[in-house]
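Engineer: Which chain is which? The protein sequence lines are G and E, in order.
If you're matching positions, the first sequence starts at 0 in our numbering and goes up one per residue.
If you're matching positions, the second sequence starts at 67 in our numbering and goes up one per residue.
Worth double-checking, as some hints may not be accurate.
[Said to hold, decoys possible] With a straight-line Cα cutoff of 25 Å, these simulated DMTMM-like cross-link-like pairs (lysine to aspartate or glutamate) come out:
1) G/K279 to E/D112
2) G/K472 to G/E455
3) G/K279 to E/E97
4) G/K293 to E/D83
5) G/K439 to E/D148
6) G/K279 to E/E138
Note that these hints are calculated values from the structure, not bench results.
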Amino acid sequence: MVCVPRDSTALSVGADAVAAAIAAEAVRRGLPVEIKRTSSRGLFWLEPLVEVPTAAGAVGYGPVEPEEVPGLFEAGFLQGGRHSRSLGPVAQIPFLARQERLIFGRAGVTDPQSLAEYQAHGGLAGLRRALSMAPAAVVDEVHASGLRGRGGAAFPTGIKWRTVAGAQAPCKYVAVNADEGDSGTYSDRMVMEGDPFLLLEGMAIAAYATGASHGYIYVRSEYPHAVAALEAALATLRAAGWYGARVQGSDFSFDAEVRVGAGAYICGEETAMIESIEGKRGMIRYKPPLPALKGLFGMPTVVNNVVSLASVPAILDRGAQFYADYGMGRSRGTLPIQLAGNVKRAGLVEKAFGVTLRELIEDFGGGTRSGRPVRAVQVGGPLGAYFDASLLDLPLDYEALAQHKGMAGHGGIVVFDDTVDMAEQARYAMAFCAIESCGKCTPCRVGSTRGRELIERIVRGERPRENHAQLLKLCDVMENASLCALGGMAPWPVLSALKYFPEDFGLPSERQPAHVV
Amino acid sequence: MKDAVLPRPSRRRVEADHPPYDVTAVAAVLERWAGTPGNLLPVLHDVQAALGHVPPGCVAQIARALNRSRAEVHGVISFYHDFRRQPAGRHVLKVCQAESCQATGGRALTARLEQLLGCGLGETSADGAVTLEAVYCLGNCACSPAMMLDGRLFGRVTEAAAERLLAEARQDA
Numbered sequence: 000m001v002c003v004p005r006d007s008t009a010l011s012v013g014a015d016a017v018a019a020a021i022a023a024e025a026v027r028r029g030l031p032v033e034i035k036r037t038s039s040r041g042l043f044w045l046e047p048l049v050e051v052p053t054a055a056g057a058v059g060y061g062p063v064e065p066e067e068v069p070g071l072f073e074a075g076f077l078q079g080g081r082h083s084r085s086l087g088p089v090a091q092i093p094f095l096a097r098q099e100r101l102i103f104g105r106a107g108v109t110d111p112q113s114l115a116e117y118q119a120h121g122g123l124a125g126l127r128r129a130l131s132m133a134p135a136a137v138v139d140e141v142h143a144s145g146l147r148g149r150g151g152a153a154f155p156t157g158i159k160w161r162t163v164a165g166a167q168a169p170c171k172y173v174a175v176n177a178d179e180g181d182s183g184t185y186s187d188r189m190v191m192e193g194d195p196f197l198l199l200e201g202m203a204i205a206a207y208a209t210g211a212s213h214g215y216i217y218v219r220s221e222y223p224h225a226v227a228a229l230e231a232a233l234a235t236l237r238a239a240g241w242y243g244a245r246v247q248g249s250d251f252s253f254d255a256e257v258r259v260g261a262g263a264y265i266c267g268e269e270t271a272m273i274e275s276i277e278g279k280r281g282m283i284r285y286k287p288p289l290p291a292l293k294g295l296f297g298m299p300t301v302v303n304n305v306v307s308l309a310s311v312p313a314i315l316d317r318g319a320q321f322y323a324d325y326g327m328g329r330s331r332g333t334l335p336i337q338l339a340g341n342v343k344r345a346g347l348v349e350k351a352f353g354v355t356l357r358e359l360i361e362d363f364g365g366g367t368r369s370g371r372p373v374r375a376v377q378v379g380g381p382l383g384a385y386f387d388a389s390l391l392d393l394p395l396d397y398e399a400l401a402q403h404k405g406m407a408g409h410g411g412i413v414v415f416d417d418t419v420d421m422a423e424q425a426r427y428a429m430a431f432c433a434i435e436s437c438g439k440c441t442p443c444r445v446g447s448t449r450g451r452e453l454i455e456r457i458v459r460g461e462r463p464r465e466n467h468a469q470l471l472k473l474c475d476v477m478e479n480a481s482l483c484a485l486g487g488m489a490p491w492p493v494l495s496a497l498k499y500f501p502e503d504f505g506l507p508s509e510r511q512p513a514h515v516v
Numbered sequence: 067m068k069d070a071v072l073p074r075p076s077r078r079r080v081e082a083d084h085p086p087y088d089v090t091a092v093a094a095v096l097e098r099w100a101g102t103p104g105n106l107l108p109v110l111h112d113v114q115a116a117l118g119h120v121p122p123g124c125v126a127q128i129a130r131a132l133n134r135s136r137a138e139v140h141g142v143i144s145f146y147h148d149f150r151r152q153p154a155g156r157h158v159l160k161v162c163q164a165e166s167c168q169a170t171g172g173r174a175l176t177a178r179l180e181q182l183l184g185c186g187l188g189e190t191s192a193d194g195a196v197t198l199e200a201v202y203c204l205g206n207c208a209c210s211p212a213m214m215l216d217g218r219l220f221g222r223v224t225e226a227a228a229e230r231l232l233a234e235a236r237q238d239a
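If we strip away everything but chain G, and leave its shape as in the complex, we get (with noise of 0.2 Å):
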């Protein structure tokens, strides 16, 4: 048997290729060989990566390309043979062996549309003792455990949930969170694409919990792999009885629907979300009040990121202390962190909270792509603050980015040499917003493009000491009276790239310039 990727990414380097170049050589030397399409692992740079499984466990190939494959034959690779795209047995890449997996687990080893190897590999032990226990006892194991939502704003998974479970309604909704627009990110899209029962799990757990009977996904149109997956995985849930009327001959009662967005980067804010997925323009509401008490059409809403629900079978079938043992501080289990941009191996790192950026730039990443020095690091997506080297040791941690004016956000880290121009990157953060507001408060709808025109000006030397105070001011404003997290955050990149790097936008530098790695 040969495995071969079928995640988007693998896609998109050539994996449909490579496998119809394996069977046809199959065909050609008269070998039947089976080709199973698995998740990716998540090890990108060596997309597409092609696993053939031998006693001593999975041996890869990669990166791979259709032209090789005869020579992959010539090798003996059915077998593990060597080759010059050998990476040995999977499991013992550094980069893979040294995560900490509590989510991605099956990620590249199971097909993700079979349930029986989703079952075979601890799938739905989580929602089946829920299921044995009386739903505030769910809720107390999922806030004892320590999650936080895993979006970018970091909320205790369980209070809200107890919110919900609280709230006295006719009827009450889980909406999944599936609108990943971070750039830097796509732990979401791995998750609906390669385990989509794993959300869907989590999902009926969280409904279970709160007493939801009818949930949607909203998942941004960006993805159409992860759509048909999941609307394929429902289709399968609801047969075998895991989804639908009655689930498991048990009272309880759940079904979803997959809700697709339409290009707006907003509607991954909560309540634009809702209004979205209730057929209106995606404008933030005002809070309160909270979506946990009013939210789609008006009822008693649980909103939650993937990440943050694929987090909770294995709290379930694993106990909360067993996840709380991850992490540090208050930031408890693990995050699934994703390298991106300039960086060598780019790709999935799951771990504990508390790794530093150091560690997941140079150990894992292994440096930029290009070979040129590390500069600039934007964690947390584009309303993430800019990191200069000198901060590459600052812990992986909600508190400890937060003290820097940073965030973890979804856990998106995008790497850039030392080629960028740190003022073109603040005047695309303020474009950005402006592109992406939802107009609704004046802060965020005015104050992007004013924004994006004082940092035009200072760069092309237009008054910069005044128009870089007038900067400052607006920034003040947008962080403080914005509505949302976008006209509240665009600022950050902002400030943060005025502070580590003055000398892109003419300006005197206020401290020595940053040594880099």
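Once you have looked at the hints, place chain E on chain G.
Structural biologist: Coordinates of chain E only, in the frame set by chain G:
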């Protein structure tokens, strides 16, 4: 003064201002989603899938069917980047403009595509073959820079690879 009411265009008049479109196709979409709560986005997605764009003329038809105002339906169409109000070229090329792709040569790639197509982002090449669009993250950040041609995702896109893909796309008319 009682008679001094501003002349209002009749509904018939407003609809006549728009080019004709496939009313039956839109009706089929509306039928499919009838009764589903919050169905406007799915309806618009399906209309666009069927007709290639959301023709301005169908706003009134959708509004009537969903018991929403025309302004509301128009407002939803104009809010979301995905919905286009005029037909696209034969192919749609979305090129990522976000940070991870910026860090790996995405700006140069976009500039090269604009040069090859002779049009900017949001425009269609003069031969009508390719509409070039900006997209903000395709979730392919581990293999940046990324682009999507007719829904097919490409990663680690070099300028040479983009050129090859464009040439292929422009051939099959």
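Engineer: Determine for every hint whether it applies to the structure shown.
Structural biologist: Here is what the structure says about each hint:
Straight-line distance between C-alpha atoms of G/K279 and E/D112 comes to about 16 Å, which keeps the hinted pair within the 25 Å bound. Distance restraint check for G/K472 and G/E455: the Cα-Cα separation of roughly 16 Å lies within the 25 Å cut-off, and the hinted pair is therefore satisfied. With a C-alpha separation of about 19 Å, the suggested pairing of G/K279 with E/E97 holds against the 25 Å cut-off. With a C-alpha separation of about 41 Å, the suggested pairing of G/K293 with E/D83 is violated against the 25 Å cut-off.
About 20 Å separates the Cα atoms of G/K439 and E/D148, which keeps this hinted pair within 25 Å; it holds. At most 25 Å may separate the alpha-carbon atoms for a hinted pair to count; G/K279 and E/E138 meet this at roughly 8 Å.
Hint compliance for this structure: hint 4 is the single one not met.
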